[in-house]
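**Student:** Chains as they are written, first to last, in this note's numbering: chain U, 64 to 183; chain B, 178 to 538.
Hints were generated in silico from the structure; no laboratory data involved. We treat Cβ as the ideally placed atom computed from N, Cα and C, and that holds for glycine. Possibly wrong hints are sitting among the right ones.
As the list claims (entries may be wrong) - Heads up, simulated BS3-like pairs for lysine-lysine below, C-alpha to C-alpha not over 27 Å straight-line:
(1) Lys495/B with Lys145/U
(2) Lys88/U with Lys501/B
(3) Lys310/B with Lys295/B
What the hints assert, rightly or not - Pair by pair, the computed Cβ-Cβ distance ranges are:
(4) Val76/U with Asn395/B: 31 to 39 Å
(5) Thr177/U with Gln342/B: 58 to 66 Å
(6) Ala115/U with Ala309/B: 45 to 53 Å
(7) Glu530/B with Thr100/U: 18 to 26 Å
(8) Asn392/B with Thr177/U: 46 to 54 Å
(9) Ser524/B with Tyr69/U: 32 to 40 Å
(10) Gly297/B with Gln157/U: 13 to 21 Å
(11) Thr141/U with Glu530/B: 41 to 49 Å
(12) Ala316/B with Thr100/U: 24 to 32 Å
(13) Asp138/U with Ser199/B: 20 to 28 Å
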Amino acid sequence: MSVHKYTAGLHNVGSYQVSGRPFTKAADQGAGVTTITFPKVTKQIVFLNRGANDMLVYFHVDSPAGNKFTIAAGDQYTFDVKCKQIYTSGTNGQGYTLYASLTHIPEGRMYNLTGSGVTE
Amino acid sequence: MSDKFKYTAGLNNVGSYQVAGSPYVSASIVAEDLEEQISFPRVTDFINVKLNENIYNSVFLEGQSIYYISASPQAASNGDSRTITAWIKATVDNTALNQGIIIGGTNTTANRFCIREKNGKFQALLTDSVNAKSILNIAVPTGWFHLAFVINSGTNMKVFINNVQQGSTTAIASTLGASLGGGLILGPPSNGDGTYAYRDSILWNAALTDSQIENLYNARNNYRDPAFSVAEKLVWIKPTEAVASSPVNTLINSGDPDYGNMTLTGYVSPEEGKIIADSPFGTGNGELRIHYRSTGSLPNVVNNKHYWTLDTKGEEIKMNVKSKEIYLSTTNGDCDFSIQAGLTNISTELMHEHTGSGVDE
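The whole structure should be built from the sequences, with the hints applied where relevant.
**Tutor:** Shown next as structure tokens:
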């Protein structure tokens, strides 16, 4: 008999209703695009731009300019979103802080976000 | 079947997070460079942390007459160098003469090493019975400013205001002599007027370099001891530690009843080991860090910056998180915080310690 372990699926409602596991990160934006990968699917992401210039947050590495969310200098924004990665860009060296609530859902269950609002 | 068995909600019981939680509220201060663990009685549904106040370690004097730091300051031998640095806020009277703002020796004695105000301008004076050197006509800034008066004996003397050099001249080697005349005092003479406030005033046993002056100026939001370790402090009104040389810590015992009516603000007690007062410099680098493992046992929390930071008064973060504990640590100053959490009915015994990516890896 094979050993099969059941895990919560991407559409398991309860996974988003229970409170999440924390993921915190304080860092400086690097040159070009920074990728932040989560070990589990998120249910909420809080992003604070600590720099002096705008920062862009988006959900696909090739998101066009129109699908990048701008967070002004000093502003904080909360995304209620399921994803396994986000991408940031901005001025090299400017600081940001990130907090995410993670579900129990393995990141392997999460598909790559594409399409309207993300890549087109 | 035992009737003592009691069913309790599990960690993933959805309903436990959907019903309104019971409140958990706490407020306290985390001292600089320390960490506080907050353990919740039950698993949380959310945690909201707010930074009420950044508090910097500093000391503050204000008033209208002089404050006697020491009646017998360290006398300098021939060829010694000295520096006076201080944060000052001055309201001067343009019609009055010779009002001191920092005086080593008194305003009228022959041997003196002082900064004074005359006709609305600052003057730096270095005199003895033979020689007199001065830097004159220094504009008085408004609000708080950083003043540094450097005597590099036999070489030069300089005055900096807010890290900008105001002038320099050749210093005389023997001027400081065996006697500075009177004591080292802050503020105008008792017969003068004007209002002065001081912070972190130090008489240094050396001529600070330009870069050291810059470091002091840049430390205005963050008075940390390492920034003040470039030379021995002969008289320091921010006594944070015992130093073998004397007279350190003189401020605590040196209020001269014949002169001083300045008030020491924000002083806690000598036993505290540090003087705590609100910084006049607004927002700065005082930082409250929120994390889910202790920085003491797991260096990756700090090394990889797995924390959320609050560094502006009133700033807050609401985290939708289940946890049985949270850690708050500080850097660059004390932080006054308040915390509010919603508690589920889930026992903390069912909650694991957070670990892994985003926590301690």
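**Student:** If a hint holds in the structure, say so; if it doesn't, say that too.
**Tutor:** Comparing the hints with the structure gives:
1. Of the pairs offered as hints, the one joining Lys495/B and Lys145/U holds, with about 18 Å between alpha carbons and a cut-off of 27 Å not exceeded.
2. Restraint check for Lys88/U and Lys501/B: satisfied, since their Cα atoms lie roughly 20 Å apart, inside the 27 Å limit.
3. At roughly 16 Å between alpha-carbon atoms, Lys310/B and Lys295/B fall within 27 Å of each other, so this suggested pair holds.
4. Range check, Val76/U to Asn395/B: about 53 Å between beta-carbon atoms, so the 31 to 39 Å window is missed.
5. Evaluation of the 58 to 66 Å hint for Thr177/U and Gln342/B yields a pass: the beta carbon distance comes to about 59 Å.
6. At roughly 48 Å, the beta carbons of Ala115/U and Ala309/B sit within the given window of 45 to 53 Å.
7. Checked against the given bound of 18 to 26 Å, the beta carbons of Glu530/B and Thr100/U, roughly 22 Å apart, stay inside it.
8. In this structure, Asn392/B and Thr177/U meet the distance hint of 46 to 54 Å, their C-beta atoms being roughly 51 Å apart.
9. Between Ser524/B and Tyr69/U the beta carbons are some 24 Å apart, a value that contradicts the proposed interval 32 to 40 Å.
10. At about 43 Å, the CB distance of Gly297/B to Gln157/U disagrees with the hint of 13 to 21 Å.
11. Between Thr141/U and Glu530/B, the C-beta spacing of about 26 Å breaks the proposed range 41 to 49 Å.
12. Range check, Ala316/B to Thr100/U: about 55 Å between beta-carbon atoms, so the 24 to 32 Å window is missed.
13. Checked against the given bound of 20 to 28 Å, the beta carbons of Asp138/U and Ser199/B, roughly 33 Å apart, lie outside it.
Violated hints, listed in ascending order, are 4, 9, 10, 11, 12, 13; each of the other numbered hints is respected by the structure.
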